[in-house]
Amino acid sequence: MAHSHHDHDHDHDDHAPIEAAGTASEFELLEQAIRELLIEKGVFTADDVRRQVDATDSVSPADGARVVARAWANPEYKAWLINDPKAAIESLGYDLGPAPNLVVLENSADLHHVVVCTLCSCYPRVLLGPPPDWYKSKEYRGRVVIDPRGVLKEFGTTLPNDIEIKVVDSTADMRYLVLPPRPAGTEGMAEKDLAALVTRDCMVGVTLPDAPAH
Amino acid sequence: MSFTFAIGQKVRVKEGDPPGHIRTPFFLRGKRGMIEARHGEFRNPEELAFGKEGLPKKPLYLVTFRQTDVWPHYTGPAGDTVSADIYEHWLEADE
Numbered sequence: 024m025a026h027s028h029h030d031h032d033h034d035h036d037d038h039a040p041i042e043a044a045g046t047a048s049e050f051e052l053l054e055q056a057i058r059e060l061l062i063e064k065g066v067f068t069a070d071d072v073r074r075q076v077d078a079t080d081s082v083s084p085a086d087g088a089r090v091v092a093r094a095w096a097n098p099e100y101k102a103w104l105i106n107d108p109k110a111a112i113e114s115l116g117y118d119l120g121p122a123p124n125l126v127v128l129e130n131s132a133d134l135h136h137v138v139v140c141t142l143c144s145c146y147p148r149v150l151l152g153p154p155p156d157w158y159k160s161k162e163y164r165g166r167v168v169i170d171p172r173g174v175l176k177e178f179g180t181t182l183p184n185d186i187e188i189k190v191v192d193s194t195a196d197m198r199y200l201v202l203p204p205r206p207a208g209t210e211g212m213a214e215k216d217l218a219a220l221v222t223r224d225c226m227v228g229v230t231l232p233d234a235p236a237h
Numbered sequence: 415m416s417f418t419f420a421i422g423q424k425v426r427v428k429e430g431d432p433p434g435h436i437r438t439p440f441f442l443r444g445k446r447g448m449i450e451a452r453h454g455e456f457r458n459p460e461e462l463a464f465g466k467e468g469l470p471k472k473p474l475y476l477v478t479f480r481q482t483d484v485w486p487h488y489t490g491p492a493g494d495t496v497s498a499d500i501y502e503h504w505l506e507a508d509e
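From first to last, the protein sequence lines are chains A and B.
Going by my numbering, the first sequence wraps up at 237, each residue one higher than the last.
Going by my numbering, the second sequence wraps up at 509, each residue one higher than the last.
Treat the hints loosely; a few may be bogus.
[Unchecked claim] List of simulated lysine-lysine pairs, DSSO-like, C-alpha gap at most 30 angstroms:
id : chain 1 : residue 1 : chain 2 : residue 2
1  : B       : K472      : A       : K159
2  : B       : K466      : A       : K64
3  : B       : K445      : B       : K471
[To be verified] So these bits of chain A aren't anywhere near chain B, every CB distance computed over 12 angstroms:
id : residue
4  : L52
5  : L53
6  : V66
7  : Q75
8  : S81
9  : V82
10 : P98
11 : A219
12 : T222
13 : R223
14 : D233
[Claimed, not checked] Pair ranges (Cβ atoms, derived):
id : chain 1 : residue 1 : chain 2 : residue 2 : range
15 : B       : E509      : A       : D118      : 42 to 52 angstroms
16 : B       : E467      : A       : D107      : 39 to 49 angstroms
17 : A       : E49       : B       : P491      : 39 to 49 angstroms
Don't read these hints as lab results, they were simulated from the structure.
Since the structure is predicted, the reported quantities are computational estimates derived from the model, not experimental observations.
A virtual CB, placed ideally from N, CA and C, is assigned to each residue, including glycine.
Model the full structure from these sequences, guided by the hints.
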């Protein structure tokens with residue numbers, strides 16, 4: 024849209040309406056055709072599909088943050104989370120159902136994990152919700168395995184060379200969640216305040232959790 | 415479970431470019447690594463993708479590679495690694 028923004032005293036009534044535009048891709052048409060056939064055959068209903076999409080989209084990084092904060096606050100929980108992630112996570116009221124197995128990767132002062140799916144966009148959706156667009160981009164997927172330190176730098180994360188970087192490519196049936204290191208200066212903080220420091224990006228491993236604001 | 419490879423064992427990813435739904439990334443084919451963990455046995459995704467049962471289940475490993483073994487021009491520290499989940503039928507013992 025040819026539209027100059029150097030003068031903001033005018034009304035923005037000439038903006039294009041926000042709506043889905045363009046034609047459906049081949050894959051969208053395929054999905055729609057299969058969905059309609061399965062509904063017609065009575066395999067599931069349209070409401071089942073809506074409920075599942077709603078449930079999938081309702082998961083957010085706040086869920087992962089709650090798990091991480093519990094692990095920071097409670098060393099026994101942390102050990103359990105690493106040894107048996109499904110049971111430890113479900114103990115907080117989450118139902119992981121038939122989701123792929125989760126593996127928890129602990130980041131420390133010596134070792135930093137960063138997660139990618141070079142083949143597609145496998146992601147611990149069951150705890151973090153849908154992946155961000157950059158995680159699905161060919162650029163991230165292609166570059167983080169060959170130049171992890173350079174890519175992390177672009178995210179604002181510069182790691183010293185004495186921290187080993189391990190890139191974990193979730194190529195098959197496992198999904199990886201990074202357990203970031205607990206920041207200094209958080210001693211004695213309540214679990215819900217700790218959870219506020221845990222962002223999506225540090226659970227993927229492209230950054231570290233922020234220190235608490237004072 | 416019937417794992418052929420032990421944790422710590424050196425392995426090499428097979429070469430080859432068969433058609434289909436392959437979960438072994440190209441950048442690791444032919445590369446040398448080490449078994450880091452044994453995840454369990456899973457239905458074979460190469461068959462599941464085509465509506466088959468994917469049975470018998472295939473052992474799945476976490477295999478870790480030194481970055482310098484994967485990318486000859488890697489400029490980071492020698493300790494940096496890359497790991498991926500690889501099915502047993504894509505691995506062979508190294509040496």
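To see whether the hints hold, each was checked on the structure:
1. K472(B) - K159(A): holds (27 angstroms)
2. K466(B) - K64(A): holds (21 angstroms)
3. K445(B) - K471(B): holds (24 angstroms)
4. L52: holds (20 angstroms)
5. L53: holds (15 angstroms)
6. V66: holds (15 angstroms)
7. Q75: Answer for Q75(A): holds, closest chain B Cβ roughly 20 angstroms.
8. S81: It holds; S81(A) is separated from chain B by about 27 angstroms at its closest Cβ, greater than 12 angstroms.
9. V82: holds (22 angstroms)
10. P98: holds (22 angstroms)
11. A219: holds (31 angstroms)
12. T222: The assertion about T222(A) holds, with a minimum of 23 angstroms to chain B.
13. R223: Non-interface label stands for R223(A): nearest chain B Cβ at 21 angstroms, farther than 12 angstroms.
14. D233: With a cut-off of 12 angstroms, D233(A) remains clear of chain B, as the shortest Cβ separation is near 25 angstroms.
15. E509(B) - D118(A): 42 to 52 angstroms: Between E509(B) and D118(A), where Cβ atoms are some 46 angstroms apart, the hint holds.
16. E467(B) - D107(A): 39 to 49 angstroms: violated (28 angstroms)
17. E49(A) - P491(B): 39 to 49 angstroms: For E49(A) and P491(B) the Cβ distance comes to about 44 angstroms; the hint holds.
This entry does not satisfy hint 16, going by the numbered hints stated previously; all others are met.
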